[in-house]
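Peer 1: One-letter residues, chain by chain:
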Amino acid sequence: MLRFSKEIVDRPITSQVILEQGTPVNILSAHMNQQGGEILVDIESAHADKVIKAFRDKGVTVDVRKLVEKDDDKCIDCGACVSICPMDALTFDEAHTVVLDEEKCNGITCGLCVDACTTRAIRLLG
Amino acid sequence: MESSGVQVAYKEVDVVTTGTFGAMCSSGAIINLGHADPPIKIQNAWLNDVPIPHPGAAVDLYIGATIGSETKPSEYGGAHVIEDLIRGKEVELRATAYGTDCYPRTRIETTLTKEDLNQFYLLNFRNGYQRYSCATNGRDETIYTYMGKLLPRYRNATYSGAGELNPLTNDPDYETIGLGTRIFLGGGQGYVIGEGTQHNPKSRLGTISVRGDAKKMSPEFIRGASFTNYGTSLYVGIGIPIPLLNEGIAKKASIRDEEIVTDIVDYGIPRRDKGAIRDTNYKELKSGRIDINGRDVKVTSLSSLKTAHKITETLKTWIEGASFYLSQHVEKLPTDTVFKPMKQTGETAFVESIVHEAVTCREDERIEEVAQRLVNRSVNHVVVVDGQGKLSGIVTSWDITKSIANGKKTLKDIIVRNVHTTSLNDPLETASRTLAQHNISALPVVDGERRVLGIVTSEDISRLLGGARSG
Ligand code: SF4
Ligand code: SF4
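So the sequence lines, in the order shown, correspond to chains U and Z.
Residue 236 in the working numbering sits at position 64 of the first sequence, with consecutive numbering throughout.
Residue 491 in the working numbering sits at position 373 of the second sequence, with consecutive numbering throughout.
Don't take every hint at face value.
Said to hold, decoys possible - Some chain Z residues flagged as far from chain U (calculated, every beta-carbon gap over 12 Å):
{"id": "1", "residue": "D219"}
{"id": "2", "residue": "F243"}
{"id": "3", "residue": "T260"}
{"id": "4", "residue": "T276"}
{"id": "5", "residue": "N411"}
{"id": "6", "residue": "V415"}
{"id": "7", "residue": "V417"}
{"id": "8", "residue": "S422"}
{"id": "9", "residue": "K424"}
{"id": "10", "residue": "A467"}
{"id": "11", "residue": "I533"}
What the hints assert, rightly or not - Calculated lysine-lysine pairs in the DSS-like style (CA-CA distance at most 25 Å, straight line):
{"id": "12", "chain 1": "Z", "residue 1": "K333", "chain 2": "Z", "residue 2": "K320"}
{"id": "13", "chain 1": "Z", "residue 1": "K461", "chain 2": "Z", "residue 2": "K370"}
{"id": "14", "chain 1": "Z", "residue 1": "K370", "chain 2": "U", "residue 2": "K242"}
{"id": "15", "chain 1": "U", "residue 1": "K276", "chain 2": "Z", "residue 2": "K458"}
{"id": "16", "chain 1": "U", "residue 1": "K242", "chain 2": "Z", "residue 2": "K424"}
{"id": "17", "chain 1": "Z", "residue 1": "K190", "chain 2": "U", "residue 2": "K242"}
{"id": "18", "chain 1": "Z", "residue 1": "K458", "chain 2": "Z", "residue 2": "K320"}
{"id": "19", "chain 1": "Z", "residue 1": "K428", "chain 2": "U", "residue 2": "K246"}
{"id": "20", "chain 1": "Z", "residue 1": "K207", "chain 2": "U", "residue 2": "K246"}
{"id": "21", "chain 1": "Z", "residue 1": "K416", "chain 2": "U", "residue 2": "K246"}
{"id": "22", "chain 1": "U", "residue 1": "K242", "chain 2": "Z", "residue 2": "K416"}
None of these hints come from the bench; they were simulated from the model.
Note that the structure is a prediction, hence the values are computed from the model and not measured.
Just so you know, even glycine gets a beta-carbon here, dropped at the ideal spot from N, CA and C.
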């Protein structure tokens, strides 16, 4: 989620970032007026760090949204999701409990673990 | 002596507790509903929309774990009905009958909890596999199996079983586990009631059948599970105490993960005999990474080691607190049964029997040349190959027509690169599924190195399968 304050809302920041970083930024929704605005975007995980930095450098407030959620009451620590996850966001801890590291998760662009979960404990937050 | 689960040491401890918590499809529960007034002899029944085959007389039902509900077949099934009943939830019963003089009723609808049932016991006819293969997928597409979701081209692997904690693994010659052995089952107590179906002692793939009072079980150790595009299954927690009656038994019960060997199998091969990519052992599997054909592949279990440990600990506490008594089996599990394949009377057709030569071209050819070839050979597909005869794409007559309409000039612009393929050993049903799923009309036949061996088209397949399906 990108938040643009009143001062910067009229600048073409999103297109600048796209051009400078040379990576696509997929706009999922946008609400803008003179008072400011919010844009929900989807960024390829490989470029996420530098794109986020580029927006922040230009004064945009960036919230990285939690994109998947694991219900620990439903989870049975089977591990069916662990080998699926390309980001190593789902791992076993020392007690063999399966833990989700939301920071590492790709979320919307990935979602591979959702239908791999045997108890439907993981869901995408849309 | 090395520890196997809990402390194992002959003379020091005289019982080893073992445990596993995994998806066990051949599981289910028997319930007895009691008689309605007027009485009904149930012919068809549904619990929460899950069809229930009834094995016995009027009001006995067997809830099979893998039967899917009519509304959400791979999300909710018999396994979930069993879990819901154990949780004390209400389930909806709907039943119909043809009506007899003694059982006049033809319909009934009611709600039930486990308290309303006379008997509610788990009756699983194949549980606790001694060991199991590790599954991976060499195909170009994700497959969904009872071994979980398997990503394309060996991107992940899964395995089942708790390795050195596994009950039968610790008593590989079935010296203490047999008919009548009291066990931890689903958080309550139950019994081994004999060998399981497909029990295959010679290959060290023994199984057991078990029974236990489900009213005393807990959802922590009995869980319904959903395997996308496969169906539902039941996670069952089983723990078996092994009394170390002599040094031989003690030695076998000290088995370690690295000594338990199993195969890595390509589940992308849709055949009964898939062969093995290589062997591995549970130590390697539990490390989380294995090498498959030179790739470093993530591997994880489908069974919870955490819960397996909890089962061995619980059982130990029960035994120490005298709330669980070891029992002597009354009959041994057989050590000489063989596991036969199915006798099939009809012929099964494979891609091999209908494959024919593919018309091919190279990437640098001109569209006109390729178009000419389509016409001359009267085909609709040209397979694009590289210098070694390996698949690099496909072009259809439709692609060529489109290229003319869109003014595309070179073959490179119109080649379809993401090509679905089949292999000589695939059953025709599999090829036909691939065609239908992707709405395409031909599949290049390739070998393990993606060398093009030929092509099969939907017309060829439907001619053989009776014309019902086409791409
Ligand atoms: S959505 Fe993708 S990255 Fe996130 S946890 Fe699931 S598999 Fe891992
Ligand atoms: S697949 Fe689902 S139940 Fe199994 S460990 Fe992952 S989140 Fe938990």
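Peer 1: Next, verify each hint and record whether it holds.
Peer 2: Hint by hint, here is what the structure shows:
no. : hint               : verdict
1   : D219               : holds, 47 Å
2   : F243               : holds, 21 Å
3   : T260               : violated, 9 Å
4   : T276               : violated, 6 Å
5   : N411               : holds, 17 Å
6   : V415               : violated, 8 Å
7   : V417               : violated, 6 Å
8   : S422               : violated, 4 Å
9   : K424               : violated, 4 Å
10  : A467               : holds, 32 Å
11  : I533               : holds, 24 Å
12  : Z:K333 with Z:K320 : violated, 36 Å
13  : Z:K461 with Z:K370 : violated, 36 Å
14  : Z:K370 with U:K242 : violated, 40 Å
15  : U:K276 with Z:K458 : violated, 47 Å
16  : U:K242 with Z:K424 : holds, 17 Å
17  : Z:K190 with U:K242 : holds, 22 Å
18  : Z:K458 with Z:K320 : holds, 12 Å
19  : Z:K428 with U:K246 : holds, 17 Å
20  : Z:K207 with U:K246 : holds, 16 Å
21  : Z:K416 with U:K246 : holds, 24 Å
22  : U:K242 with Z:K416 : holds, 21 Å
Going down the numbered hints, you'll see the structure goes against 3, 4, 6, 7, 8, 9, 12, 13, 14, 15, while the others check out.
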